[in-house]
Amino acid sequence: MAIVGRHHNLFSSTIIPTIGRPELARAVESVLQQDCPPTEFELIVVNDSGRPLPAAAWQDRPNVTILNTNHRERSVARNTGAAIARGRFLHFLDDDDWLLSGSLRSVMDLAGQSEAAWIYGITQLVDRDGAPLILLDHRLAGNCFAPLMAGEWIPLQSSWVRSEAFHAAGGFNPALTGPEDIDLARRIALSEDFAPLDGIVACVGMGQAGSSTPWDNHSRQSRAAREAILDDPRTYPRLLSSAPTALWRGRAGRAYATSAVWNLRQGRPLRAVGRLGTALRAMGNAGLALFDPEYWQAFLKPYASVTFAAGERNRQSA
Amino acid sequence: MTPFLSTIIPTIGRPSLIKAVDSVLAEGQVLAEHEIIIVNDSGRPLEHNFDHRIVTILNTNRRRLSVARNVGAAVARGQYLHFLDDDDWMLPGWLGEFARLAAAHPDAVLLYGGLQIVNQAGKFLGELNLGVTGNCAAHVLGNAWIQVGTAAFRADSFFKAGGFSPLILPAEETHLYRRLALAGEFAHTPGLLMSLLREAGWQTTTPYEKVVENLRISREAMLDAPGAWTRLYHSAQTPYWRGRNLKAYMASTLWNLKSRRWTTALSRSLYAAATFLAAGTSLIDQDFRQAIKDTQVSATADRAMAAHNLY
Chain F
1 MAIVGRHHNL FSSTIIPTIG RPELARAVES VLQQDCPPTE FELIVVNDSG RPLPAAAWQD
61 RPNVTILNTN HRERSVARNT GAAIARGRFL HFLDDDDWLL SGSLRSVMDL AGQSEAAWIY
121 GITQLVDRDG APLILLDHRL AGNCFAPLMA GEWIPLQSSW VRSEAFHAAG GFNPALTGPE
181 DIDLARRIAL SEDFAPLDGI VACVGMGQAG SSTPWDNHSR QSRAAREAIL DDPRTYPRLL
241 SSAPTALWRG RAGRAYATSA VWNLRQGRPL RAVGRLGTAL RAMGNAGLAL FDPEYWQAFL
301 KPYASVTFAA GERNRQSA
Chain U
1 MTPFLSTIIP TIGRPSLIKA VDSVLAEGQV LAEHEIIIVN DSGRPLEHNF DHRIVTILNT
61 NRRRLSVARN VGAAVARGQY LHFLDDDDWM LPGWLGEFAR LAAAHPDAVL LYGGLQIVNQ
121 AGKFLGELNL GVTGNCAAHV LGNAWIQVGT AAFRADSFFK AGGFSPLILP AEETHLYRRL
181 ALAGEFAHTP GLLMSLLREA GWQTTTPYEK VVENLRISRE AMLDAPGAWT RLYHSAQTPY
241 WRGRNLKAYM ASTLWNLKSR RWTTALSRSL YAAATFLAAG TSLIDQDFRQ AIKDTQVSAT
301 ADRAMAAHNL Y
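Sequence order for the protein chains is F and U.
Numbered according to my numbering, the first sequence spans residues 1 to 318.
Numbered according to my numbering, the second sequence spans residues 1 to 311.
In short, the hints are calculated from the structure, not lab data.
Just to be clear, a hint being listed does not mean it is correct.
Computed footprint of chain U on chain F, listed as stretches where at least three residues anywhere in the stretch have a Cβ under 8 angstroms from a Cβ of chain U [said to hold, decoys possible]:
1) 56-69
2) 80-90
3) 172-181
Where is the CB? At the ideal position from N, CA and C, for every residue including glycine.
Please construct the entire structure, taking both the sequences and the accompanying hints into account.
Structural data, given as structure tokens:
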């Protein structure tokens, strides 16, 4: 008989799904070395590799739990870790990324002052050798729904999500293997606020080389997840309330207009008409912003992360 | 060795758990092909020590039924997943019956059998079995009930369907059956596999007041799925189930009208018209009209449960 999991509450549970990559040790140590009492955080490693992990000293630490799943992919592995987690906040780290020292303490300090369900810090994107590439400094606070729908990506590795908000949203969508992180952020942003930290909290590997993400399905899955969110009756009012400027109103209109085109191409004409109707409603709601060139630039321009582009510009100028 | 089947028992720590586990362990002759995962969602340690080499205990933290079952499924190694509630128990021969069904229907996404209803004194009150093999889309849309303990899910199909929804609870079982029925075939045995305890005044942990709303959400998701109408059409082999299909599209049309989802309502009404025209001579059948009159409660469950005043 094996028994896994315990009962008690603490501040943070870091969940690392792993496919057994050797970089796991670096990820684990970066969590266990945080300057917080071990009674305030735990580490749950979900070994989805289908084989036992090589023995290591960290596996005997009292605040470490190892769960074995059976090639269930990242969303199921993360949801499984989240289900046994005892933390009030959940933090999902990949096995090839790592936390910077002092990160957890910063999150605890901000969590004491903020009611936000999603607390996040600045992310340092690195190449597969660990060399710094781009700094993701979003500075998005409060209702971030429109930016998230328009292509902003806040890495999970730099984010702490309140456990009750995570479970109220239903956790990660197991059907998604790639856009599951942005999908979760959007579903939580539908009803919850975000709060940013000032400092860099995590280093995250960038690029498709060495990535375990099945990129060939990414675009199709991403569209399906976006459609499901647009179906939610909470989406329209939340989108408008997070779009105070002409730019974001243009982005909100684009969300429905592009969906209308996609549904038409999928042979779903009635749904396309429905989306077009909502796009027109959003345009009507934009009022005078319709006469602002920024509105139409935002409406016509493909979705992309403004933060990522700014990071890339800063890197090139440096 | 990959087990043939994993039994997952979520529990809130009720004393009846011991009987449930013992009934599963009683299939001694095939233990090598079997594992049991108890998911203790009670938030406190279990009082009983289930010390057996095929038993694993996982402690979740009051995450409720769907999450607890999904956690058990994620760590399970079996080719088939079987979910038993902690107040039900299996009947002798159930595991062999699943093995025979799996051998006869290797492509089926779901294997299931019957259950007996008994009262606290052990008196036999009736039995339930949907009794349909193949495309069961119309049946599960029409709320025909397959008690989860009488079913074994092919693991790959379970995960492809996304497992139990944490957001549609209760009605999480029906919602999963509906997604599975769109994807593949069910296989059934007339054998009785499980025992369900019921009697007047029976207490449940399920918040039934949310069932109607959740079934409606689940119905809309099923009707939205690409190819749903064709799958439902081929599934409805009798006038009764053709009538149930029509009722589902009509109910959905009305709900979407009330919710001011005009284009979806129009789409549903067109599908309802197609269902009506495709029914042919079924339109003059008594069963067809009865199906339209029936409430959305499962006809199969209704007969046995209502006969003993168990609702």
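So, going through the hints one by one against the coordinates:
1. Residue count for the region 56-69 of chain F with a Cβ under 8 angstroms from a Cβ of chain U: 3. That meets the three needed, and the coverage hint holds.
2. Figure legend: the region 80-90 of chain F, annotated as covered by chain U; annotation consistent (5 residues with Cβ-Cβ distances under 8 angstroms, at least 3 required).
3. With a cut-off of 8 angstroms between beta carbons, the region 172-181 of chain F has 3 residues touching chain U; three or more are needed, and the interface restraint holds.
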